[in-house]
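Chains as they are written, first to last, in full-length UniProt numbering: chain A, 1 to 195; chain B, 1 to 439.
Incorrect hints may have been included.
[Claimed, not checked] Here's a subset of chain B near chain A, in silico, CB distances under 10 Å, partners left out:
#1 Y181
#2 V319
#3 Q322
What the hints contain is simulated information worked out from the structure, not anything from laboratory work.
From the three backbone atoms N, C-alpha and C, an ideal C-beta is built for every residue, glycine too.
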Amino acid sequence: MSSSSDSKIKSLQDSGLVDWSVLSEIIQMDEDEEDFSQQLFETFVNQVNDTFKEINHYLKTKDLDNLSKTGHFLKGSAAALGLTLISQQCERIQNYGHKINFDNFDIRDVDREKIKDVEEDGVETNENGKNKYEDKENNITKDSITKDNKKDDEFSILDQSSDEYWILLIKDALAKAKSGFISTKKALDDYFETE
Amino acid sequence: MSLQTPVPPNSTLATTASSNQSGSNDFVKKLFLMLLEDSYKDIVRWTKTGDSFVVINTNEFTKDILPRHFKHSNFASFVRQLNKYDFHKVKIPNDAKSTYPYGEDAWEFKHPDFKINDRESLDNIKRKGPNIKKPSGSITTKEINNNGMGQIDLHMKEELKKLRKENEVLQNEVKLLTNKYKTVVENIVTLKNYNERYDRNLTILANTLLQAGIKIPPLEIDQHQHHLDHSPKSQPPQIPSQPSQATPIPIHSQPQTQQQQQQPPPQVQPQQPHHTPVSVPSQPPHQPSSIPSSSASPISTTQIPNPKFHVLLVEDDNVCIQLCRKFLVKYGCQVTVVTDGLNAISTVEHTKYDLVLMDIVMPNLDGATATSIIRSFDTKTPIIAMTGNIEDQDLVNYLQNGMSDILAKPFTKDDLYSILAKHLLKDDIEKDRKKPKLE
Numbered sequence: 001m002s003s004s005s006d007s008k009i010k011s012l013q014d015s016g017l018v019d020w021s022v023l024s025e026i027i028q029m030d031e032d033e034e035d036f037s038q039q040l041f042e043t044f045v046n047q048v049n050d051t052f053k054e055i056n057h058y059l060k061t062k063d064l065d066n067l068s069k070t071g072h073f074l075k076g077s078a079a080a081l082g083l084t085l086i087s088q089q090c091e092r093i094q095n096y097g098h099k100i101n102f103d104n105f106d107i108r109d110v111d112r113e114k115i116k117d118v119e120e121d122g123v124e125t126n127e128n129g130k131n132k133y134e135d136k137e138n139n140i141t142k143d144s145i146t147k148d149n150k151k152d153d154e155f156s157i158l159d160q161s162s163d164e165y166w167i168l169l170i171k172d173a174l175a176k177a178k179s180g181f182i183s184t185k186k187a188l189d190d191y192f193e194t195e
Numbered sequence: 001m002s003l004q005t006p007v008p009p010n011s012t013l014a015t016t017a018s019s020n021q022s023g024s025n026d027f028v029k030k031l032f033l034m035l036l037e038d039s040y041k042d043i044v045r046w047t048k049t050g051d052s053f054v055v056i057n058t059n060e061f062t063k064d065i066l067p068r069h070f071k072h073s074n075f076a077s078f079v080r081q082l083n084k085y086d087f088h089k090v091k092i093p094n095d096a097k098s099t100y101p102y103g104e105d106a107w108e109f110k111h112p113d114f115k116i117n118d119r120e121s122l123d124n125i126k127r128k129g130p131n132i133k134k135p136s137g138s139i140t141t142k143e144i145n146n147n148g149m150g151q152i153d154l155h156m157k158e159e160l161k162k163l164r165k166e167n168e169v170l171q172n173e174v175k176l177l178t179n180k181y182k183t184v185v186e187n188i189v190t191l192k193n194y195n196e197r198y199d200r201n202l203t204i205l206a207n208t209l210l211q212a213g214i215k216i217p218p219l220e221i222d223q224h225q226h227h228l229d230h231s232p233k234s235q236p237p238q239i240p241s242q243p244s245q246a247t248p249i250p251i252h253s254q255p256q257t258q259q260q261q262q263q264p265p266p267q268v269q270p271q272q273p274h275h276t277p278v279s280v281p282s283q284p285p286h287q288p289s290s291i292p293s294s295s296a297s298p299i300s301t302t303q304i305p306n307p308k309f310h311v312l313l314v315e316d317d318n319v320c321i322q323l324c325r326k327f328l329v330k331y332g333c334q335v336t337v338v339t340d341g342l343n344a345i346s347t348v349e350h351t352k353y354d355l356v357l358m359d360i361v362m363p364n365l366d367g368a369t370a371t372s373i374i375r376s377f378d379t380k381t382p383i384i385a386m387t388g389n390i391e392d393q394d395l396v397n398y399l400q401n402g403m404s405d406i407l408a409k410p411f412t413k414d415d416l417y418s419i420l421a422k423h424l425l426k427d428d429i430e431k432d433r434k435k436p437k438l439e
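Based on the provided sequences and hints, a complete structural model is requested.
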């Protein structure tokens, strides 16, 4: 391995996005089959895009049960690849869908700015891996978003018995999963480029 | 005493309550009216303060006034009645007796709400509860209690009996439902088998037509809509991917690097393997799609030269499928993949596998149920649960369903290999089941 790829590995390890012990094992499989790990990651990217769309759909229909199932599904794939950050957020979705606040997340910590973007469908990252949410930051005009602004004021009074409470927590997890996915994809794209 | 007979306490209460209601205040009102009679003032009268009354001459009172105003025939009974309404005899201290204006034989009675010229307060005077029939002794109260307890006890026993019966009925119903559920699942599996056979035959026909140069339009996923008459027995199912035919040494020997030879069965799936209504199932990138119509096949076998073991991987997640298959192939396994529990059952029915790796959460039928059904006809094949849920309760549930072992997700290559070694090599030692030519 070249020294440049060594430094790439180091930065990937330091990113906190991945479990290197798991990921490295997968990358080792490339010895038998060229580009195996990269292809696997591509499969994952497709799956993530599909699954995020699904989650958005279930958020709209407030289908907690299916949200939990979808969260569980993506958690499995992410964990299999050692993509820790994504799998953690998916685990949150899985649990919140079952109305379990397993990590004692405080609803007041929900990032209101971030979850507005959750309303957008999918996570089609640009070729250069730039976070498209940065571009959207100044472009929030959708009806759904203004509606959500009104809801903001009710955040603190929502209680655990209402589905809205859990929907909100799931939106938070989804927002974090999305930004985690973008960072992870960028880090992995960087890594694969030098291989 | 009437209380000796098992009269429910409620009935006594009821009678008391009713008499209470009808004559609750009559006695007090009569008393009040009686005290209005000026002519009685030497016998019975209000005291000076007006908050109590006094019977000055009990003899005259008993003889003349009681019969006229009350039903009581003697003074003691009148006093008892007063007590029931919580009137109290005013006790005169010894040193005050000499100055007491009504004489030594006078009985003074007092109630906080019984006052001169205060008719409204009379309504506040209520007869006390039935337990206050104390004069005859506290034994009666005890008897009432004992009696009551006995009644409650009896009542509880009856309730218990009822609940037990209900419980029994419910359990029977659950049993019935479980049986019905099993039958339904089994029927679904049978139906699915039929369906698959139809699909295969149809695809064979389509292929033959294609080879004969006849162009056919792209086939719909929903193949049973085609009005092609196929008896399932009319054509022997010649399925290249059918493991029974694929198990012997592969015809094409390939270089190691290209061992990922995919042979999707020419079969069209009635349902998407993925549970998403929105997404298009992403295909494993190296899967050649020889038939345009079959997008994602439910059964795909990865053949390798001289496979040591044949493993069935039941998993609906593409990422996990690719990764796990890679690990398995590297271990020397020929891998067949199906993406739901129903397919797992029908596949295991047709083919003997050395080991089954079973995901739990899957569309159509979950892995635990699929395993319990497989166990009804195959008790030997090791079935390993692959799951992220490793709570004690879940593990017990998996084992009760007939799982041989559990592989916690996510797992490393070594985790997988140690499970494989545990279940595959054990077989090896016990009994040489493998075909000798493969050695």
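Hint validity - V319 of chain B Cβ closer than 10 Å to any chain A Cβ: holds (4 Å)
Report holds or violated for the interface hint on Y181 of chain B, using the least CB-CB distance to chain A and a cut-off of 10 Å. Constraint on Y181 of chain B not satisfied, violated at 20 Å.
Interface hint outcome for Q322 of chain B [beta carbon to chain A under 10 Å]: Check passed: Cβ of Q322 of chain B comes within 5 Å of chain A, closer than 10 Å.
Against the hints set out earlier in the document, a violation occurs for number 1 only.
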